[in-house]
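First to last, the sequence lines map onto chains V and D.
Note that the UniProt record's numbering has the first sequence beginning at 1, numbered continuously upward.
Note that the UniProt record's numbering has the second sequence beginning at 1, numbered continuously upward.
The set of hints was computed from the structure by calculation and includes no laboratory data.
We treat Cβ as the ideally placed atom computed from N, Cα and C, and that holds for glycine.
Please note that the accuracy of each hint is not assured.
[Said to hold, decoys possible] Here are some chain V residues the structure puts well away from chain D; computed CB gaps all over 12 Å: (1) 3; (2) 53; (3) 68; (4) 90; (5) 91; (6) 107.
[Unchecked claim] Computed spacing ranges between beta-carbons, pair by pair: (7) D:14 / V:5: 25 to 35 Å; (8) V:85 / D:9: 47 to 57 Å; (9) V:5 / D:19: 38 to 48 Å; (10) V:118 / D:12: 19 to 29 Å; (11) V:52 / D:19: 32 to 42 Å.
[As the list claims (entries may be wrong)] Quick look at which bits of chain D chain V covers, simulated, 3 or more residues with Cβ under 8 Å: (12) 29-39; (13) 290-300.
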Amino acid sequence: MSNIPDDLSYTKEHEWVAGLDDSTTVTIGITAFAAESLGDVVFVQLPEVGSTVEPGDSVGEVESTKSVNEIYSPVGGEVTEVNQSVVDDPGLVNSDPYGEGWMFKVRVEGDPEDLLSPEEYTALTSGDS
Amino acid sequence: MSRPTPLRDVHESLGATLTDFAGWLMPLRYGSESAEHRAVREAAGLFDLSHMGEIFLTGPQAGEALDYALVGHLSALAPGRARYTMIVNERGGVLDDLIVYRLGDEEFMVVANASNYQKVAAELRERAKPYDAVVEDRSDRYALIAVQGPRAQEILATLTDADLDGLKYYAGLPGQVDGRQALIARTGYTGEDGFELFVANQDAVPLWHAIAAAGEPHGLRPAGLSSRDTLRLEAGMPLYGNELSAELTPFDAGLGRVVKFDKPGDFVGRSALEAVKDDPPRRRLVGLVARNRRVPRHGYPVTKDGVVVGEVTSGAPSQTLGKPIAMAYVDTGAESGLAVDIRGSHEPMDLVELPFYRRNK
């Protein structure tokens, strides 16, 4: 099955959030499960640096050969950085979804959406949640 | 429940992503669909197409029955040859696009799309009633394996004594492949040279393994429906449900040449098609190449100066062009300044004539 790191938080929309516990700025990407389901990613659109997002907002898009999916922000706050490398080389989402394929960073304000633990996300993706 | 093909276990052992397609459980891709696409363009790909329908017409008037049932002149087909044709309704609307193989003087095989073959079989049975011909849907008995790509012939040649050199494009002959009886046809849906092998269900797995082994040193890869779709799109080939539908005639789709008005006798749809054959087309099927990286997809509006002038029928990122491409019906006269409304963003498109890709022969 897909790789699900145990030090991240997850959403039902198959995104991961890193740094939630020990930093006010979190990093967000899509999971290996999502990347495998999409197939080869060919286009990524990310939010603008400096924009303000609310939890659950649609802030971008991931397109693969066969489909297009929205990127939602799991947290509210200000977008502080986006990964230009993944815009230039969308294949990074497939090859390294938790590393080079990260998407954007948000300085968190307020409470995040309900996030899933690695165990809960594992259950979700194996269909017995 | 989706029906599995005889090759289901093979697909699972290869780690395929399986998907429901027209009621069948089919491999979407095995690994990267882009790599599968490139393999077919540069070497060869191996496809399971067992979801396609095989309907046989046999008897002294099988050819005449097909002449009445379809828009093509099939009784004029020489044994061993194949034709691309269509079945239409009384209004001239396309019920399916087909390939018809003449296997003998009194034997034809009609290959129909997975989503349509039961409808096609029922129509053929009805339309053949006045003729001395028997219609039999043998789809459940046959598996279909395709080897497509510039190296397809040399791969297949290691497994058969059949005269592949002498086998023309759109021809088929019975032969042994790896010791198994097959109809070997030089047809395909990828824009490449290649072969389609119709075999009995029980021969599908061993034949797949034999071809995979023979092809490995030549760069052959198993290829799924995802790459099949991007390959056929680059080749400008229509897909039923996208470019073709019962609401469109063959003329609407720019495929009026398949309608053979000069064949003898009446055929279903003749009067409706004769009435429209000289009408100036309101829209025509064209190619669009995106200037940016967003992908136009099926159903998206084509616009010019903000006004809708057409609709995308198929779209995907093109490996060969390195840009997103699409087929679309666009109003006659709207040639430039086109865009596709991609979820609210009007992305500029260049109009090109189809196909996007043509192999070097």
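12 Å cut-off, C-beta based - residue 91 of chain V kept clear of every residue in chain D
8 Å, violated
Taking C-beta pairs only, is residue 3 of chain V more than 12 Å away from all of chain D?
15 Å, holds
Regarding the assertion that residue 107 of chain V does not contact chain D, is the least Cβ-Cβ distance greater than 12 Å?
27 Å, holds
Given a hinted range of 32 to 42 Å, is it respected by the beta-carbon distance of residue 52 of chain V and residue 19 of chain D?
39 Å, holds
Residue 14 of chain D and residue 5 of chain V, beta-carbon distance inside 25 to 35 Å?
27 Å, holds
Non-interface claim for residue 90 of chain V, where every Cβ of chain D lies beyond 12 Å:
8 Å, violated
Since residue 53 of chain V was said not to touch the interface, does its Cβ keep a gap of more than 12 Å from each Cβ of chain D?
18 Å, holds
Lying within 38 to 48 Å: is that true of the beta-carbon distance residue 5 of chain V to residue 19 of chain D?
Check failed, 27 Å falls outside 38 to 48 Å.
Residue count check for the region 29-39 of chain D against chain V: does it reach three with CB-CB under 8 Å?
holds (count 4)
Counting residues of the region 290-300 of chain D that have a beta-carbon nearer than 8 Å to any beta-carbon of chain V, does the count reach 3?
Since three or more residues must qualify, the claim that chain V covers the region 290-300 of chain D holds, with 4 doing so at under 8 Å.
Residue 68 of chain V remote from chain D - nearest C-beta pair above 12 Å
7 Å, violated
19 to 29 Å was suggested as the range; check whether the CB atoms of residue 118 of chain V and residue 12 of chain D agree with it.
27 Å, holds
Violated hints, in rising order: 3, 4, 5, 8, 9; the structure is consistent with all others.
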